[in-house]
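For this one, chain A is given, so just place chains B, C and D on it according to the hints.
Protein chains: 4
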Amino acid sequence: MSQSSVHFHRDIPKIPVGVLGATGTVGQRFIVLLCSHPWFVLKALGASSRSAGKPYKDAVRWKQTTPIPSGVSAMIVHDCVPEPFKDCNVVFSGLDSDVAGDIEASFRAAELAVFSNAKNYRRDPNVPLIVPLVNTIHLTILPQQQKLHIHPLTREPQPLLRGFIVTNANCSTTGVVIPLAALERAFGPLESLVITTMQAISGAGYPGVPSLDILDNVVPYISGEEEKIEWETLKILGGIIDEETEAIDGKKEKFKKFDMHTTSPLRVSAHCNRVPVIDGHTECVSVRFAKRPPPSPQQVREALAAYTSDAQTLGCPSAPTRTIIVHEEADRPQPRLDRYHQEGAGVNVGRVRQCPVFDIKFVVLSNNVSIGAATSSIINAEVAVLKGIIQF
Amino acid sequence: MSQSSVHFHRDIPKIPVGVLGATGTVGQRFIVLLCSHPWFVLKALGASSRSAGKPYKDAVRWKQTTPIPSGVSAMIVHDCVPEPFKDCNVVFSGLDSDVAGDIEASFRAAELAVFSNAKNYRRDPNVPLIVPLVNTIHLTILPQQQKLHIHPLTREPQPLLRGFIVTNANCSTTGVVIPLAALERAFGPLESLVITTMQAISGAGYPGVPSLDILDNVVPYISGEEEKIEWETLKILGGIIDEETEAIDGKKEKFKKFDMHTTSPLRVSAHCNRVPVIDGHTECVSVRFAKRPPPSPQQVREALAAYTSDAQTLGCPSAPTRTIIVHEEADRPQPRLDRYHQEGAGVNVGRVRQCPVFDIKFVVLSNNVSIGAATSSIINAEVAVLKGIIQF
Amino acid sequence: MSQSSVHFHRDIPKIPVGVLGATGTVGQRFIVLLCSHPWFVLKALGASSRSAGKPYKDAVRWKQTTPIPSGVSAMIVHDCVPEPFKDCNVVFSGLDSDVAGDIEASFRAAELAVFSNAKNYRRDPNVPLIVPLVNTIHLTILPQQQKLHIHPLTREPQPLLRGFIVTNANCSTTGVVIPLAALERAFGPLESLVITTMQAISGAGYPGVPSLDILDNVVPYISGEEEKIEWETLKILGGIIDEETEAIDGKKEKFKKFDMHTTSPLRVSAHCNRVPVIDGHTECVSVRFAKRPPPSPQQVREALAAYTSDAQTLGCPSAPTRTIIVHEEADRPQPRLDRYHQEGAGVNVGRVRQCPVFDIKFVVLSNNVSIGAATSSIINAEVAVLKGIIQF
Amino acid sequence: MSQSSVHFHRDIPKIPVGVLGATGTVGQRFIVLLCSHPWFVLKALGASSRSAGKPYKDAVRWKQTTPIPSGVSAMIVHDCVPEPFKDCNVVFSGLDSDVAGDIEASFRAAELAVFSNAKNYRRDPNVPLIVPLVNTIHLTILPQQQKLHIHPLTREPQPLLRGFIVTNANCSTTGVVIPLAALERAFGPLESLVITTMQAISGAGYPGVPSLDILDNVVPYISGEEEKIEWETLKILGGIIDEETEAIDGKKEKFKKFDMHTTSPLRVSAHCNRVPVIDGHTECVSVRFAKRPPPSPQQVREALAAYTSDAQTLGCPSAPTRTIIVHEEADRPQPRLDRYHQEGAGVNVGRVRQCPVFDIKFVVLSNNVSIGAATSSIINAEVAVLKGIIQF
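Residue numbers (the working numbering), protein chains in the order written: chain A, 1 to 392; chain B, 1 to 392; chain C, 1 to 392; chain D, 1 to 392.
Incorrect hints may have been included.
Each pair may be met inside one copy or between any two copies, as identical chains are not told apart.
To be verified - The calculated SDA-like cross-link candidates involving lysine to any residue, where the alpha carbons are at most 20 Å apart (straight line), are:
#, residue 1, residue 2
1, K63, Y221
2, K252, E328
3, K228, N126
4, K63, Y340
5, K291, W62
6, K54, E329
7, K63, E343
8, K14, D58
9, K254, A306
10, K43, P55
11, K57, E230
12, K63, P207
13, K57, I15
14, K54, T321
15, K257, R332
16, K251, F392
Honestly, the hints are just simulated from the structure, not real lab data.
Just chain A, with the same shape it has in the complex:
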């Protein structure tokens, strides 16, 4: 955790939180991060019924490089139902997508603030898809999400007071949109993007990728991944627009709507590959700017290095001090050497140079298990705390 801002918010009381999917890969990572968090206090763990009722240490196949935090070993794992989490203000979800939909909905309906790493609600028009170093402004959709909430079982309108769902992005999207956001802030809209990823095995969870498939190999395909990058990038980099619609009674109603970058159309093409790397997604990016003439490589380097996220400005304790580390060496960033800088909360960019087809090309390295997953959810929650969206 970056030291920069731990001092700022002494008046924030301890906030009780829970973790859903606590025995999975992302859940384990949430636990490691939360056990040393300055504000959040881990109070409840949820997992499948196979694990429920067991002490955490017996339910989990712990695969982190640090031992299970001592306070967590003996915590009893619960089923993923809201009742045992009723003292929590926030739950972090590392659930698999095959169960995340219903469970997260039930927690939201029970007035819990859900920060989810799952993909299920990313395309929901009232759910913000937030990369905390990019578009925390999208949290402004939350009042609309609460107002329009339909109870998941009764299907009756049930406006919410405190419950909501915030999702973070797919790991490979997260890494790349951070420098892209920096470029758009500095030079205006992008027009075309070709992105090729080389993704770590940890992105597939555990047991995940069989070793016979990846040792001495590249798998040039990850199910659904290219579509996620191509779609999520538009939602994240696009703004929120206010629209008026006429209701049945003739009254005008204002709605917020994700712009999907349609005001200035952006075409994105992704090639996704799995490589024999444990942690850290490397992505090769060629970009074309709308602006002519486009910025020079040096201007791009400077803009990337200067980029500061709202999360950092606000003083989120888990936000990196340097959002983007720009490398000058010809052969960096590299996952093995650069993935743990700032505990994986920022991203690394290198090889910024002219592209003979588009304008600029470069390499991004992001830590898929940190900023690409649990760390993003946690910074999102920190932002929500600092903006007063989470009540405690």
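What follows is chains B, C and D alone, placed relative to chain A:
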């Protein structure tokens, strides 16, 4: 070796050949291939003075997965000078580029046909850069190369009768230009290409990439590699044009010149990466055709599968029966599973699909130590034999 | 396949065979080997009910480095019941041990000759555990197995005419017992063995070892593996003894019994590890001989190199020409370079040297998917054919 | 660094130190550790003449996962001669053995305390070979080393006041002798040891092991490594004995001499292997005790877990709080998960169980770049400070 055409050329006598750089990675591969070749008979080995005078088995650190061929173990290694190769019609060069320039020149000047894997003469305006499954037509430059030859030491004109240099392309270029040539043959010129490579460690020779640099890692940089792909692709895919120049005495002279794809300009952008794979370069390609509307993915698949090389038509014994294997499975080709099909002499293409930015995107896998290196040189020599360019 | 003996047995007619567990890793390997076998003709495939009824190519996740043999792609997969295999003389079983027990019993009861790679019957006192390069003499137990057969369902005695089960050994046992057998043949009984294995991931099948468990890692434990080496080695290297027992009616009956090396007790200690290697088990062995003084390293090297298996002497087409390749280089054998010699049918030994604690130490490398699995079963069947045990 | 004892020695002033071989792998590690050390202050860097005169950041190919410490980047690298180190009390040597001999001798002769990671003086009868968690008692040889010192150039006697050389052990020896020392302390002398190592690539430095040699491979040989384990273990675990010799003048002189475990002979056999692991040596050990009956596995586990080093008792800030972590899980320790516990300063033992040949077998994992190299040198120096051997 493909069986297809072994029968065709019974009347080709045994042709004595030599290998330069015989102890290196490419040299070892030449030796393996030549020892089972139907026409070529290995008669002489050249290496550095450190190895000269030793039996091959004592000079080499043999790193192939088959033992040193029995007939080669005891062959005495020579210095890389023409004299001990005087009974050879052809030499194959696996020399490092820091010495290949002078040595290959001296062999050409001694009237030997040199087929080189080194980069030194690839940009020479009179030396063909040939991927044997693509542009054997470029051999037509050879008479001009011979006619204009300058002796490397005396710097005097020395027209040649039998000596010449033919180079093959860089391994990562080779893999990708084969399907690109198939597309241009079927659909006309390409306009833009973005290529991202994931290259095997064997491409760097031995000792090559230190294990500490590549285990659990990606290195997003290979010195000079992107420039090679971006430049060589133009020379290989471009044609040869006839130009007339006026000589000092007023007479018109005809010259052949590589077109460099300038008639229909093609922009190429490459991102090159080293990955922890032993053999087999994987490349992700996005292409835009000049033709509008562009072909559909299915048309592209069919054109790739139907592509036949001149080398195969001529009956080269080392040419693959299927130049391009088109995979239908979502996650293929993969280096570990597909690199040895047809002994690595063809290429594999998969995931042919629409590109949201350009027209079509796909994945190419080629065996960098086979068609990407020694196999290309050997097929080039086979073509030269069948076209009567090599006298024997 | 070794060329040596293909010519010997021209009079052996084609023998129809089936494969059980045909979609698994070992089953795929059986199919590759059988499709180019000079005697055996693949007639039937069995797999789980999930696969039954489908063409093989749709039932399997093919993970071999060669394509599915053309004749097999369209074969319909059957349930693992004897009826669809009734035209086969032999079935090869690559079944998982959780189902192999009942299925193999039912095939034996249906008078089929079963050659099994599964562990279920290895400890059966009437089932031979055969490493074909070591103890084919153990096939002499088969008449007793047939005579004493109890029907698996009725539990009634059912003496068999043609049905029987032969098992081959665990992959890590197989590799090491071959040189141990050579040592015992040359120098008499061994007394103590300490064996440390470094086993390939392919030994665990597919999906098998998760990549997160083995990339940049060693797992110093393989469930049940050490016990297998310590027990199977005794059964394989021990002889068969004839015992007399008195039956109820006072008559003496002769029984054959596996000696388990008890005549000259042998202590075996194994340490088993999984390492990030795709194919090929490497094993470090320290041995103490009963004989004093023990043989020298040079005597051991010579005895290993001179060792010839019965399978080769008999003329089994899949037996290696050289049972044990003895390496002289300081750093060999190595899995990547040496595992495919003779198509993995022999074993490699190197670094034969004095042991400061015992007598001799050395390194063994064996191909766990070839001689360690399917190849052993097939050679066992070839031996049974040549000895007249399989009728056809 | 373990927190335990940072508080104890507030009165220790800052001690200026230097690093020899500062650009190498071990040198880089020394720099990382020294830059956060509570006592030692890095004042001078030495490397080859190729680096001398350059700022450190230009001289080094930095391969650590943390950036170059800010204070070190601009430090000018010196030649490895004593003069620029004259203000240092201590130098840590990460020199290659081909140069370490002369350089370390010259620094000792210049009255510097040298803590060396090189092998050159390990077998010197007056130089202690110290694993700081095992045999700091061997520092008592130092007065004799100083008294008998011969000037390396003049070859004249030159008794020293402050200069000396202390070596630490080879990385694979270090890991294994720690639990062995614990066993000898608890149960008396060991009698026989068979040790098989699976060693990380970082043990070979940079560039070290070529990736083509180790990806998908095991190399069953490391030059000189087995001899080191077999010899160093005896020097480290043996005591120091006092001997009397008669001088020429008839007077008796007392000498200290390393016992080499001869009082109770110990036989050691090592098998050394390189595996594709970045950091962390895994070793499989079978031991036989002199004591009959031998201890049970449970007694061994308890003795290992209870073992406390002198370094910790003295309060060395870099000593681990738990010298030996005993794992209960069936499949631990594993390098990837366990190598960084306590910053790699302790060792991990698991799978303690009965050995069918000897008494007990188990697995040791140690971090070869921490306790196996730089961390050992630094703790040795800390011990020397706390024992008053280093004056400052």
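How the hints compare with the structure:
1. K63 with Y221: between (25 Å within a copy, 16 Å between copies)
2. K252 with E328: neither (54 Å within a copy, 52 Å between copies)
3. K228 with N126: Close inside one copy (18 Å), not across copies (49 Å); limit 20 Å.
4. K63 with Y340: both (17 Å within a copy, 13 Å between copies)
5. K291 with W62: neither (49 Å within a copy, 38 Å between copies)
6. K54 with E329: between (50 Å within a copy, 18 Å between copies)
7. K63 with E343: Answer is both; intra-copy 17 Å and inter-copy 18 Å each pass.
8. K14 with D58: For K14 and D58, the Cα distance exceeds 20 Å both inside one copy (28 Å) and across copies (47 Å).
9. K254 with A306: So K254 and A306 fail the 20 Å test inside a copy (36 Å) and across (57 Å) alike.
10. K43 with P55: Only inside one copy: K43 and P55 sit 14 Å apart there, 51 Å across copies, limit 20 Å.
11. K57 with E230: Cα proximity of K57 and E230: none, with 39 Å in one copy and 33 Å across.
12. K63 with P207: both (10 Å within a copy, 19 Å between copies)
13. K57 with I15: Classified as neither; 24 Å inside a copy, 44 Å across copies.
14. K54 with T321: neither (39 Å within a copy, 31 Å between copies)
15. K257 with R332: Neither. Shortest intra-copy (39 Å) and inter-copy (39 Å) distances fail the 20 Å Cα cut-off.
16. K251 with F392: neither (36 Å within a copy, 85 Å between copies)
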